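Listed below are the residues making up each chain.
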Amino acid sequence: MTVKWIGKRMMMGVVVLLVVSFLSFFIMHAAPGDPATAFYGGNAQTLNAAEKERISRVFSLDRPITAQYGSWLVETLKGNLGISYKEGRPVITILRERLPNTLLLFGVTMFFIIVGSVWLGTIAGMKAGSILDKGLSILSIATSSIPAFWLGILFISFFAVKLGVLPSSGTGEIGGEGGFWDKLRYLILPATVIIFTHVGIFARFLQENIKDESRKYYVTVARANGVTEREIRKGILHNASFPYLNYIGMTIPSFFGGSIIVESLFSWNGLGQLTIKSVVTKDFPLLMGSILLIGMLVVISLFIIDFLMYSLNPKLRKGGVQ
Amino acid sequence: MLKVNQLSIEINGKRIVDGSSFFVPRGRITSIIGESGSGKSMTISALLNILPAGSKAAGQAFFDNKDLLAISNKEMSAIRGSQIFTVFQDALNSFNPSVKMGKQLYEFSGRRIRHSVAEFHLKMDDILNDLGLSKAIMEQYPFELSGGMLQRCMIACALYVRPRLLIADEPTSALDTLLQKEFIELLKGLNEKQGTTILLITHDLDIVAEVADKMVIMHKGKVVEVGNVAEVFERPKNAYTKRLLESRF
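Line by line, the protein sequences give chains A and B. Going letter by letter, the first sequence gives residues 1 to 322 in my numbering. Going letter by letter, the second sequence gives residues 1 to 249 in my numbering.
The shape of chain B in the complex, shown without the other chains (with noise of 0.2 Å):
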């Protein structure tokens, strides 16, 4: 579904990323997994064409055999709109904070597909109800809300558009084990019920062995060790793999 091919990328003359490449199959979770300032996210937002000023990206990165580092603004704000998902770290700060829940929700999710208010109410809900959200949070401001709350916001959206690809950038940093756990549970709900492709960027090894069926490694820029997680779990080959495997127990 999403081929990346020597993505590169430099901000203010400096490489973050250099020469990476990886897959990420159709209908499968694929985790990258790396420490901070790998360049993981930057790898998110070079995809995503949301960059900061300054930098640049190269190389080719194909969604259904569309480049998205080549294609138009306007192509590009109609995938954003349509097939792809991305849920962000930092759920506090995600939202508008002198703007409804309501209005934003219905945004993000409903005025993506086309849904008129009234019918992004009956559906929103349901999927708010079922995460255990109450609707009156719509009336209220994104800083009444808790952390938790709002990521759970962020995954009612994606729940609502159904997206081909959901991209979750260490969606779950911000939440207390629990809520971890439950996150967690959602994103394999998703991956077996709907078939949804996840693209998961983590620092946590305990996530991947759980839910990813392929796993990406980045360290220092650069892509080390690309594989099943069984496998690489199993047999490590890049030393730095092994290094970050042997951290976990």
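One chain only, chain A, in its complex shape (with noise of 0.2 Å):
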């Protein structure tokens, strides 16, 4: 049953991915510009016809588009994912050294977000009516209408630019060792601004599923026969769970899109900066190679929740049979 369920899930998540790299294919070639002119850079002005002929030849670029996919999906499937355009480095080498940086950002905002709004969450959400109750909801709004880079810019100016303390961009000293403690110390400033920007409405929400199943029936049954006040709050937290991990799985996808200017703004050397930069440059292949590696964290992340409420959800497990 759970072979089956992984199995099938995992088809899922390939037809995804293909999905993705198809639409995205079409849409950068749909797109305003040529890619022969961009690969000539600046000086795309002196580009004479024959010679813009002769680079669209060197590169397929004269092929059919749903040639050019095709091929590009044969060699991706080969594990080569091509050249970058711009720095003639093969872009698997690109991705893998963005890749950590963005799971870094990602695991320890994640990670923030979570235990911080689940810890909130629970307190407010048992405790109906408190002052904590009813100022997390006030907190909730405030902070999750924050713009996320106006809040980087203003964390900018008062850190960096006023106190010092902290380096405004970047992933690490220049010509620093690089070790993990320095990463830290840029890592602060635009996991803040994720993390603050995000947990109220995680924690909000938590709590209003908590409120809503501390009204169900079954409590008031199992408070009425002398259950202890312990085994109901636990049933309550299992059961309140279900649309929070829910709610997470639908947020990641946007989460990765928001992370693009939050990486941006703090020049924060991962894929989602990564992506702009490709993006303006037109690097095809270096773009292809972002959008399919951010899409299948997209999907594992989606594949690890679905997961959870499967193990956790006897509902999900059994079929919903009623």
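Some hints here could point you the wrong way.
[As the list claims (entries may be wrong)] For lysine-lysine, the following DSSO-like pairs were computed, each having C-alpha atoms within a straight-line distance of at most 27 Å: (1) B/K74 <-> B/K135; (2) A/K134 <-> B/K56; (3) B/K100 <-> A/K4; (4) A/K52 <-> A/K134; (5) A/K127 <-> B/K14; (6) B/K74 <-> A/K234.
These aren't lab readings, by the way, just hints derived from the structure by calculation. All of these numbers come straight from a predicted model, not from anything done at the bench.
If you follow the hints, you should be able to join the two separate chains into one complex; please do so.
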């Protein structure tokens, strides 16, 4: 049963990645501008028609898009993502450099968002009507309506410019040893911005679930019959975790989207910033590579969330029989 | 055993129950009867201190000389955990959907009287068997069982803990006629064999006539008549009671 479920999920993940790559490939080619011109960089105006044609022929840009996509797909399946137009290095190598940074940012922010929101949301939800309960509702609206990029600029101007205690951008000291602690110092600002703008709304969501669950019939029945408060609480939290997990799953794609902005703002050397850069320079192989990798990260995160849901919720495991 | 005196309940400023008084004698079956919305279930909620948020209860309700409406939460949970067992109307929603029945039944019964899990299984298997349930349900989840099976599970817990007072809030409304009959027999047996005091809330006069010794008639939040079942059926005093009894035939 479980093996079958995992297999099905993996198949779905592969299909999603195929669709994502297909769509991005076509959107990229439909976008204005010519990759052959872009390849020439700043001197594009000196490019004559013959030269342009030559570039197009060499890179097979004159072939139909479907054929181009086909050969890209075949090479990708072989593990070859091509060579970056701009950097002249294999795309895989560039992605390998960037991936740890994005995973670090994502992992750290997700960890603190989950820990913080579970802590706040549980306390607030369990004590309906308390100051924390009402306070969290207001706080969550306030923090989630602050745009991350604006808060980022504010943080930079305060912590980096005024106080000068934290670096404003980058992933490590230039010419430094690039050790873990060095990176951590650079991580503080972007991570704080993402955590601060997300933790409130996550906590609020959990809080509302807990309050809804506490009003359920079975809770009253259990309480009326002297089931211990500890058991009741455990039951409420368990059931309130399903929609919360679902919510995390739903926000993960937009989470990666949002981190693109924050990564660019703080020049965080991750996949988000790389994606923007490759769009601007029309570096197609690199763009396809980073989109595919981000897509894979989303698919894997969703798989983990789904697996958690599946193992926690007996209704899902039993196929929702009534 | 239970003496309710001038009980009033307000929900968000609206009066649901208005100055109701009645008495539940030890070792007998007392029935509260009334149409839906007459405040029967709210009365029970007030007695057990499980009223929904935003509601207030005033008056007194003495259970063994302790006023249930005035005691601390701690004392209340002690009483709910050891003296009173309540079977609710909606059996389908009475259990946590994501916990196995075995664990929940233990929480409802064995845990209350400090039995170990092993003792619980020993005793509960027999009770379930008597009620026509297989012990396989212990490994199942509530949504895999029917309403009738779940209601019997609740009753199994009541049989297990042998409470001094058993409250049954419209326990038969989700059951089919055959199961209803069985359930009524169970109640009677519990009362006769173990001497359990029972407070039965219902809107079904046939059930009252069959099992109850005493009846309390509620109408629009007020207790309109109290008396022995035979007497009330014979000579109803209140106009609403008369109408109610006439509707039966």
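Do the hints match the structure? See the list:
1. Taking the CA atoms of B/K74 and B/K135, the gap is about 34 Å. The hint is violated against a cut of 27 Å.
2. Straight-line distance between C-alpha atoms of A/K134 and B/K56 comes to about 22 Å, which keeps the hinted pair within the 27 Å bound.
3. The suggested pairing of B/K100 with A/K4 holds, with an alpha-carbon distance near 24 Å, which does not exceed 27 Å.
4. Straight-line distance between C-alpha atoms of A/K52 and A/K134 comes to about 64 Å, which puts the hinted pair past the 27 Å bound.
5. Between A/K127 and B/K14 the CA atoms are separated by roughly 25 Å; this keeps the pair inside 27 Å, and the hint holds.
6. This hinted pair checks out: B/K74 and A/K234 have alpha carbons roughly 19 Å apart, not beyond 27 Å.
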